[in-house]
Amino acid sequence: MSDVASLLVSGSIAGIAGGLWLLIRGFGGYRRAGRLDDTGTSRIATLAVGEVRITGRVEPAELALISLLQSRRCVYFRSQVRQQQGRTTRTVLDEERAVGFRVRDDSGAIRVFPRGANWDAPPVFKEGDGFSGDRPPGLALRSGSAIGPGALDRDDLIEQLLTVRPSFDGSDLSPLGGSRAGIITATGSGRREYEEARIEVGDTVTIIGTALPFDQLADPDEADLAEGSAVGGPLSAMGDLEIAADLDAARATGTLAANPEDAWGNASIPGFGIDEPVRAPHLDPEATPPVVAGHETAERFTRTFEIAPGELVLAINPGRPMLVSVGAPSAAVARGQDQFLVGLLGAILAIGSAVVLAMAMSGTIGA
Amino acid sequence: MSPQSFAALFSLLLVLVVVGFLLVATYNSVVTLAQQASKAWANIDVALKQRHDELPNLVEAVKGLMAFEQATLMRVTQLRAAYSSSAPIPAQAATSEATSSAVRQLFAVVERYPDIKSQANVLDLQREIQRLEEIIADRRELYNDTVFRFNTRIGQFPANTLTRLFGWTARPFFSAPDAQDTPDVQLAL
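From first to last, the protein sequence lines stand for chains A and B.
Mapped onto the numbering used here, the consecutive letters of the first sequence carry residue numbers 1 to 367.
Mapped onto the numbering used here, the consecutive letters of the second sequence carry residue numbers 1 to 189.
Bound-form chain A, shown alone (with noise of 0.2 Å):
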């Protein structure tokens, strides 16, 4: 066999193997269309139990994500990172991380518990390095916690403002600290593509899931927290390697406590730490006692905090997997019909790849 018809048999069967991938994938986005397609928007206010399709803006919850790439405050994440290694390109991070968050339309508001949804979020962040090696403009690796607060008020935004942290440029590991830094910086000096998906506070999204009663959940703590993925070896249910190490290390010396009061004492009140708590803490008898919070105070911390047991929240169900989708409902759709179309193409493409391997096989092009 010639070269060329060599060449014209692997670029056949690449040809094959990628059109067959985009059309399984076209597949996928077809049904994820007509999930979406076939099921009306529920208002808030006046859900029902069971399956329903809501449309709104997400708001946080207790806690916020800071997304890996950009330092950008979500709510879902997913951050990769590929490098060129010669003629291949490896993956040395992919993390995925959710926490639960608050969807509101103009009827009302609910809690959404996302452990083990399927996200459909496109990329905001899509960039590689420069050819001198020089970092890409937007690229802002986060330096601090993964985990902030749900809501901001005036203060923090001032701290937050103020605060500088350092700046990574690839070269000192402390800024992400623990096993990932290794991941991103350990690998030598290939061409690095950075690519992010994420839900921001703020954006718009549809969501297919199932309403039901808080107290109908069967782990809240585990339904809050989506599972994340690392290189190197999956994240806990906690979605953090050192938190998750920790908590190992407490449970094997039995000092983790059975409860917050327990373990933290008037800490676990909430306002405490800001000196506004909600009940009276227990304190030494000469101590000057802080000023209990007023109602609205009181009132405003339990909404953060805690959910009434009948509450309707929106989770998974173990049959029908919950579908996050960012964007109105026709922009969701069309994301997945557009998908389905290039799907076809892929198709075409194996067609065609098949016709030119039967050519070349045969010697009838390329001998």
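Source of the hints: derived by calculation from the structure; they are not laboratory data.
Beta carbons: idealized from backbone N, C-alpha and C, even for Gly.
Any given hint could turn out to be false.
Stated by the list, open to error - To spell it out: a stretch of chain B is covered by chain A in this simulated footprint if at least three of its residues, at any positions, have a beta carbon under 8 Å from a beta carbon of chain A; those stretches are:
1) 23-33
2) 55-62
3) 86-92
4) 144-153
5) 166-174
Assemble chain B onto chain A, guided by the hints.
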């Protein structure tokens, strides 16, 4: 098998896979829509029954103090009696719309009686019935949206090729066909 035969067989197989996928996905989509419409209707039915159960309490709470508004009370009572969960959907929609209108009229009348309006039980009932009215309105919108999707889907290609095979038929909307279908309620006391 020659390379040409292999390529032809592969192409045919791929086309069949795509067509088969589309047919299965379309069938599943129509079945899902039918289930969604049934569920949306069941959710309306629950709210209609809840309102049906609450209306006598409201009438009972205000009737003693509204001696001169018997016609309004009677209309609410009789429309409530006209409700039947086994009636066809358009007939139920007509009864429901007439009941909502009568309830709104009753609330307007209650506004003229500060003594009644300020009573805690009347306020609670009023709030609950208004909540149910909102639920009925929202769920009706969702039901009609789902029925619209279902009816459109079974008329479109490729689902219309399966419609006769599986006996799919258009579903009725939850709306009164016209004013003449509003239940004729006798107001004589």
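Now the hints, each set against the structure:
1. Only residues whose beta carbon comes within less than 8 Å of a beta carbon in chain A count, and the stretch 23-33 of chain B has 5; three or more means the coverage holds.
2. Here's how the stretch 55-62 of chain B fares: 0 of its residues keep a CB closer than 8 Å to some CB of chain A, so the rule of at least three is not met and the hint is violated.
3. Counting residues of the stretch 86-92 of chain B whose C-beta sits closer than 8 Å to any C-beta of chain A gives 0, which falls short of three, so the coverage hint is violated.
4. Only residues whose beta carbon comes within less than 8 Å of a beta carbon in chain A count, and the stretch 144-153 of chain B has 3; three or more means the coverage holds.
5. Remark: the stretch 166-174 of chain B is not confirmed as covered by chain A, as 0 of its residues place a Cβ nearer than 8 Å to a Cβ of that chain, below the required three.
Hint compliance for this structure: hints 2, 3 and 5 are broken, all remaining hints hold.
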